[in-house]
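Chains as they are written, first to last, in this note's numbering: chain A, 5 to 455; chain B, 960 to 1361.
If you're looking for bench data, these hints aren't it; they were derived computationally from the structure. Errors might be hidden in some of the hints.
[To be verified] DEER-style ranges, computed between Cβ atoms:
| # | chain 1 | residue 1 | chain 2 | residue 2 | range |
| --- | --- | --- | --- | --- | --- |
| 1 | A | W71 | B | D1106 | 52 to 58 angstroms |
| 2 | A | D343 | B | A1191 | 35 to 41 angstroms |
| 3 | A | D163 | B | P1175 | 34 to 40 angstroms |
| 4 | B | E1091 | A | E284 | 52 to 58 angstroms |
| 5 | A | D343 | B | P1175 | 42 to 48 angstroms |
| 6 | B | N1349 | A | L333 | 31 to 37 angstroms |
| 7 | A | D433 | B | A1231 | 54 to 60 angstroms |
| 8 | A | A27 | B | E1016 | 47 to 53 angstroms |
| 9 | B | A1231 | A | E430 | 24 to 30 angstroms |
Each residue gets a CB set at the ideal place from its N, CA and C atoms; glycine is no exception.
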Amino acid sequence: MLRFAAYREGQGRILAAALTTAAAAYVVWKIAESPDQAVQFAFNGLSVGAVYALLALGFTLVYSTVWFFDLYYGAAAAMGAYGVFYLRTSETVGGNHVNNPYVSAVFALVVAGVIAWALHESLFRRLERRSNPTTLRAASGLLAATAGIYTGFVLTNPDHLHMLLSPAAGVTVAVAVGGVVYGVLQRLFVGTAAAPLLIISAIAGCVVGAYCGLLVAGAPGSRLYLSWIVSCLVAGAVGVALYRGLYVYMRQRARSPLIMLVASLGVLLAITAATAIVFESAPRPLPRAFGSDSWALWGGNIKGFNVFTVGVAIAGFAGLLLLLKKTALGRTIRAIGDDEEVAKVVGINTTVVIAIVFFIGAVFAAAAGLLSGHDTAIQPRMGLLLMLKGWIASVVGGIGNLYGAVVGGFALGMVEQFGIWDLAGEWKDVISFLILILFLSFWPRGLLPRG
Amino acid sequence: MSIWRVTLVFLLLIPALVVAACADEPTPTPTAAPTATPTPVPPFKIGVMESLTGPGETYGTVSNQAKQLAIDEINAAGGIDGRMIELVVEDSKCSAQDAITAYRKLTDVDGVKIILGTSCSGAMLGAAPLAEADGVVLFSGLATNPDIAEAGDYIFRTAMSDAQLGIDTGNLLWADGIRTLATITEATDYAEGVRRSSVARFEELGGEVVAEERYPSDITDFRSQLTKLFNADPDALHIAAQAEFSGGTIVKQSRELGFDGPIYSEVVPVGATALEVAGEAATGLKAVTADLDPANRVAQRVLQDFRARYDYVTLPWYLGSAYDDVYITAECLKRTGDDQDADGFRDCLYDITWSGAIGENYSFDDKGEVVGLSNLVVEVLPLSERTEENQGYRVLGGAPTP
């Protein structure tokens, strides 16, 4: 067995060298033949590569923490895109207005449930000994119900998105600014009593938060971009709900990741089918975002929006890297990925941390979905297609490695483009999946193996 | 345990409920024309097959409504020498199988010998062999597939064949000074047929196709294909699309990639959805399409009456074609005086020269194909000038003949 593996590895090395040389020679020859087309292909590759990279980042994060393929991931991408469509399209589908109270109610319920669970896990556990449990339960129930009703309001009134979201934006900014100011003050004035510092930072937070709330409320043009945030958050909430409602039980009962793979496949297909029923299966455009004009550059053309997508992918990568390497939460996530049992033993609440991982993963997928939707179009099946591409990108890059996810995403985008130089465009998917098969059989650890 | 049993029962009930709900869906019922004055003479019975549900619903519905409009006009004016005409409508959907079922029902149960329909080429090709064998006239205003020309002696249509569209497109390209062409085609029978016949005519005239690409119906990103096409530096791009969405998206992404040459297409990329998707990028797009001539008075009156009665107008040429079919039928019934005389009716169609909504002095050749009609060339207007009335484009005139 070992000898075989070594043999295989040697074979893989020879093949890698041969393939890389051949591909490099081919690309150089082609670039010499038509530099303009090469530049344009490179731009196309960057645009789709950025989406693949975003998908691969989230995929890799989830996979390297729980070690199973969560196929809901694809549905999250479609939900991100369809969320924007749901909130920002006034047209009718099959005679019914797109914005439907029943659909909104479902998502409001999901959000309420997730908030209730989050309160139970975080606040309730800590305050249980100090306060009256009944009061606590009533309070958290009330909070969750309010959050659900608020979500319902936001989803059913897309025309007033900026007004409805301004309080939430204000509060979020106030808490964040207050926290940062408090942290800075604490370091500057070591030894001072906490109360005055708290008051000062609270005032600073309130002022900045109120100002931000006003800004949002007064900007009706920002509704499209607010809908991006809403659909990402909702897709994330559904991810958490699925984790808590489905996967937690399965992880307790059956330890085989295969069962969860099948269950999440069911989730993906169900959500895809439901999307096709509610929104019809025909592809549709999303409302026009900024950057739809293209710039001529070095003999090629690229849209401003594609540059923005690349920026989002890089920012997402940097953010995730900071989170994993520099924060306490990141360390616990990596600990769970290394060994969940040990993490549990040392006192990490693995359920909560994994829920956060699912949330982040779903938000990344939703962002990728809506960016790709704005760039081209949305259709119910897009989730499945994007998920497969994200998976290939993370296999190519090396599963579990964030650098690998970004490299794999952009590499896949480029290979797809340059690969069809002499082939018909229909071969794009064939090339992607051939690459997947090659990598799985010869270099299963990818370009940048997990350290 | 009992709660689980109740749930199980509910779960089992769901499919049953769904089935029941589906069964309750209103099926299109044959609509009889209201008789203006009760007469002792039984009315002429004419069969109609349209795709009233399913994928061809838009076409079938507008065609059926135009026929009802025409038949009500004829009956209100006293019918044919005092005899009314009654239309027996069946849903042929957009498939050969459903067309055969509808055909059997019309001929066996209702005993009609003259059928107006169908709305889809597939349905037409399914029912045509039966009609040909039984000696029943099948007369369509909408089916455009070139194969229908060879379907038989009893098969007629006022719809122009896609082959004609290709010839007109090839001529237009050449007349506009296009010498090198790139084509992008959806991988469907219709789009492929349009491309083949257009390119055949274009090459016959001396043009050259420098690059061609095909795409499957479900993709939304055409940039890699378009990049390759534009790298061949063609004078113009030709789009043959089956779905409006892909047609519009290709136009949009072509402009995003910096292509500033002219773009040519058939009817699909100038549809309402396609123009909405493409936006300003579609400005100047030229399409060869069957459209009603703004100078034709009958056509304008029909459109006005149709809008007044149904409160919308779509697919104007097909509407006019369906409308004309009823009047041609009425004229032939007047000549034969018998709705069971399919042979007489057939000879009348070979003989007739008609002027109606879709054109003047048109007739049928020995294959039952309409002659004397031509496609129009339309050009998409800038975004600011597009209205619901002009449907986003202006008519440049008939397709040129070099």
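Given a hinted range of 35 to 41 angstroms, is it respected by the beta-carbon distance of D343 of chain A and A1191 of chain B? Cβ of D343 of chain A to Cβ of A1191 of chain B: about 57 angstroms, so the range 35 to 41 angstroms is violated.
Using the Cβ atoms, figure out if D343 of chain A sits within 42 to 48 angstroms of P1175 of chain B. At roughly 45 angstroms between Cβ atoms, P1175 of chain B and D343 of chain A fall inside 42 to 48 angstroms, so the hint holds.
Using the C-beta atoms of W71 of chain A and D1106 of chain B, is the stated range 52 to 58 angstroms upheld? Holds: the Cβ-Cβ distance is about 56 angstroms, inside 52 to 58 angstroms.
Go ahead and decide if the range 34 to 40 angstroms is satisfied by the Cβ distance of D163 of chain A to P1175 of chain B. holds, 37 angstroms
Would you say the C-beta atoms of D433 of chain A and A1231 of chain B sit inside 54 to 60 angstroms of each other? Cβ of D433 of chain A to Cβ of A1231 of chain B: about 31 angstroms, so the range 54 to 60 angstroms is violated.
Given the hint of 47 to 53 angstroms, check if A27 of chain A and E1016 of chain B actually sit that far apart at their C-beta atoms. holds, 49 angstroms
State, for the Cβ atoms of A1231 of chain B and E430 of chain A, whether the hinted interval 24 to 30 angstroms holds or is violated. Since A1231 of chain B and E430 of chain A have Cβ atoms about 28 angstroms apart, the given range 24 to 30 angstroms holds.
Determine whether the Cβ-Cβ distance between N1349 of chain B and L333 of chain A falls within the hinted range of 31 to 37 angstroms. violated, 59 angstroms
Would you say the C-beta atoms of E1091 of chain B and E284 of chain A sit inside 52 to 58 angstroms of each other? Taking Cβ atoms as reference, E1091 of chain B and E284 of chain A lie about 38 angstroms apart, which means the hint is violated.
Comparing the model with each numbered hint stated earlier shows that hints 2, 4, 6 and 7 do not hold.
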